[in-house]
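K.L.:
From first to last, the protein sequence lines are chains A and B.
So the first sequence is numbered by my numbering: it starts at 336 and just counts up by one.
So the second sequence is numbered by my numbering: it starts at 336 and just counts up by one.
Each hint should be verified, as a subset may be incorrect.
Any copy will do: because identical chains look the same in the list, a pair fits if it lies in one copy or spans two.
Derived DSS-like pairs (lysine-lysine); straight-line CA-CA distance at most 30 angstroms [claimed, not checked]:
{"#": "1", "residue 1": "574", "residue 2": "612"}
{"#": "2", "residue 1": "493", "residue 2": "504"}
{"#": "3", "residue 1": "661", "residue 2": "544"}
{"#": "4", "residue 1": "695", "residue 2": "359"}
{"#": "5", "residue 1": "348", "residue 2": "612"}
{"#": "6", "residue 1": "480", "residue 2": "359"}
{"#": "7", "residue 1": "403", "residue 2": "679"}
{"#": "8", "residue 1": "679", "residue 2": "608"}
{"#": "9", "residue 1": "359", "residue 2": "693"}
{"#": "10", "residue 1": "544", "residue 2": "454"}
{"#": "11", "residue 1": "454", "residue 2": "511"}
{"#": "12", "residue 1": "661", "residue 2": "631"}
No lab work stands behind these hints, which were simulated from the structure alone.
Listed below, chain by chain, are the residues.
There are 2 protein chains.
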Amino acid sequence: MPEEFTVTPWEVKGEIDYDLLMQKFGTSPIDDALLDRLSGYGELHPMLKRGIFYTHRDMLWLLNEYDKGNRFTIYTGRGPSGNTHLGHLMPWMFNKWMQDTFGVNMIFQMTNDEKFLFKDLTLEDTTSMAYQNALDFIALGFDPKKTKIIVNTKNIDKLYPVALSVAKKITFSTAKAVFGFDNSTNIGSIFFTAMQSAPAFLPSVDAGKQVPVVIPCGIDQDPHFRVCRDVAPGLGFPKPSLICCKMMPGLSGGDKMSSSDENATIYTTDTPKQVKKKVGRAFTGGCVSVDEQREKGGNPEVCAVFKYNYFMFEHSDDELNELARKCRNGEILCGECKMCLTQKINVFLEEHQDRREKAKDVIAEMAYDGFEW
Amino acid sequence: MPEEFTVTPWEVKGEIDYDLLMQKFGTSPIDDALLDRLSGYGELHPMLKRGIFYTHRDMLWLLNEYDKGNRFTIYTGRGPSGNTHLGHLMPWMFNKWMQDTFGVNMIFQMTNDEKFLFKDLTLEDTTSMAYQNALDFIALGFDPKKTKIIVNTKNIDKLYPVALSVAKKITFSTAKAVFGFDNSTNIGSIFFTAMQSAPAFLPSVDAGKQVPVVIPCGIDQDPHFRVCRDVAPGLGFPKPSLICCKMMPGLSGGDKMSSSDENATIYTTDTPKQVKKKVGRAFTGGCVSVDEQREKGGNPEVCAVFKYNYFMFEHSDDELNELARKCRNGEILCGECKMCLTQKINVFLEEHQDRREKAKDVIAEMAYDGFEW
């Protein structure tokens, strides 16, 4: 019997059955036909080949529009409630692939209002975190000319009228059913989904014509965009397409990397020593002794270290398969494997932290409508 | 047995029992002691002497603060959903008396978002109506240096962070209980009361210290400010004081002038001919024949024409009493009385319409934060 699990934009718990989630949410699988179609635009991203991005809404329509010359805009974002960790970077890296492959514009929304409303944080906290998170986003190399960062409170003049038109079409019943709200939910949180929908319609508002939009995101964000898609036609906007990924696992073996478990979470600002310590403590499911491990082998299916390679740090399928084989045969021990991952992460972070510093020079020009940071 | 009545910010129906309403809402009566105190600052406004402004919250505290040198700000407003009628002008005239008497600043909020959310109107409709209504407000002669007009969508950058902090403190339970919302209410309407509260805190935000605020308004608006007062201390703001009036009656004899009954409503842009026609059709409760009226007399208590004099057009108590006496004795007939009121209204409107035209020249300088109209 499968364990119980909960997946909403604000809570992910239990062992997630991703197929069941796709059925529950009513999204479509990314099948071979769609992968074939996508590969016509450039080499497929490993996250597509490995089924990490595994489900979608209306991607074929989006590509048809693109082929007709109606270029789409990518819409992504972040709820700034703490430092950026590797789990946040994962979908952003996929966004980078999307922008490079299709050469399109991108909106990156920072929901500092959301995190203020849903968490015990001040608006100053979430706003300064938005700046920190934006540096990580920029560090991934997005085209500054084609990428605009929205901070909800700073761009509220543009967002609010659109959010109002969305809010007028959503009843409390709907918000309750989709997000699990109850009578004790604050009225700002209830309104918030309208703010999350607004950037999906901004490209059409700005262009004065129907601009297709695609939202690459974790499957946990689907509820927002289900609501957003429902109201779109009534407002004269195209329904945004979605392409959704699984959650980046935590180092302790859980389903999702979480900021609340700091020791099992690698932040983009971690030092090599911190990374070494955290990976060193990671759950692998390996045997208790070296001899037993050599004899029985390990199990990559449950190993957090393997998952990190699978999700993010080993792009070569051959290398990944070889690593799995060696693990199962007991040819490689958990300690070696951890050292190897530590090194990969530290090489990545060294470069990332360097680019993150340089991001401070371009962040102002990437602000939507030129607000001050 | 008293008839059922409903009074919320969005619906007023039935015959209102104002004393019961005061008890239900938990406001205090404006008693002789408070009237005495108020008369120390200048001649009492007829609406105070006649009990049209009849109930309050924390007015003594406000005056104590004023006496200590902590000048308050007046906060008033309008939900722009149609042309201005005389019922709207009534509390604004009282505001003018307040500003003149105490020489204080005033904020006038135009909730174009509210009317978009609650009515079948576009945001363009309610925004252009905000401009029209503002002309009427300005025409009453407020000090342009001390009076600032907020339009919610235009000043959203200042209002939104304050509204967020309010919204975080209000649950759906509270909104439901106070405003009578249910599951079919849209999520924008649910959030809206936070926007209505925000200007009560803006003077403190702008000044960087606790600024007392008084809100003169129709008693139907009290629910918003009950919620606003509840959250104020937790946000570090003083609770706004309230001074509330009864509803301006309609010409057809109902309890409240309503835009939905155009023939019983006098708009500020009406022509002398329209006014004559509307007053001519007003409900007086007079007798069917002249002879009968001469013999039995009329009843000013139920007469809409008399109420118009009482609420707005006859400031002299002596003249008003004389009018009542003549009516009761059958010395004056309804036709004469209607002609007399028509003339008073037309004299007022002629001057008002002239000042309303001139308001177009100063409206820009009265915009809070200098937005474009």
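K.L.:
Does each hint hold? Answer for all of them.
P.N.:
Hints, verified against the model:
{"no.": "1", "hint": "574 <-> 612", "in the structure": "neither (45 angstroms within a copy, 52 angstroms between copies)"}
{"no.": "2", "hint": "493 <-> 504", "in the structure": "both (19 angstroms within a copy, 25 angstroms between copies)"}
{"no.": "3", "hint": "661 <-> 544", "in the structure": "neither (55 angstroms within a copy, 68 angstroms between copies)"}
{"no.": "4", "hint": "695 <-> 359", "in the structure": "neither (42 angstroms within a copy, 57 angstroms between copies)"}
{"no.": "5", "hint": "348 <-> 612", "in the structure": "within (25 angstroms within a copy, 69 angstroms between copies)"}
{"no.": "6", "hint": "480 <-> 359", "in the structure": "neither (38 angstroms within a copy, 59 angstroms between copies)"}
{"no.": "7", "hint": "403 <-> 679", "in the structure": "neither (41 angstroms within a copy, 68 angstroms between copies)"}
{"no.": "8", "hint": "679 <-> 608", "in the structure": "within (13 angstroms within a copy, 85 angstroms between copies)"}
{"no.": "9", "hint": "359 <-> 693", "in the structure": "neither (43 angstroms within a copy, 62 angstroms between copies)"}
{"no.": "10", "hint": "544 <-> 454", "in the structure": "between (37 angstroms within a copy, 27 angstroms between copies)"}
{"no.": "11", "hint": "454 <-> 511", "in the structure": "both (19 angstroms within a copy, 23 angstroms between copies)"}
{"no.": "12", "hint": "661 <-> 631", "in the structure": "within (12 angstroms within a copy, 110 angstroms between copies)"}
The structure shown violates the earlier hints numbered 1, 3, 4, 6, 7 and 9.
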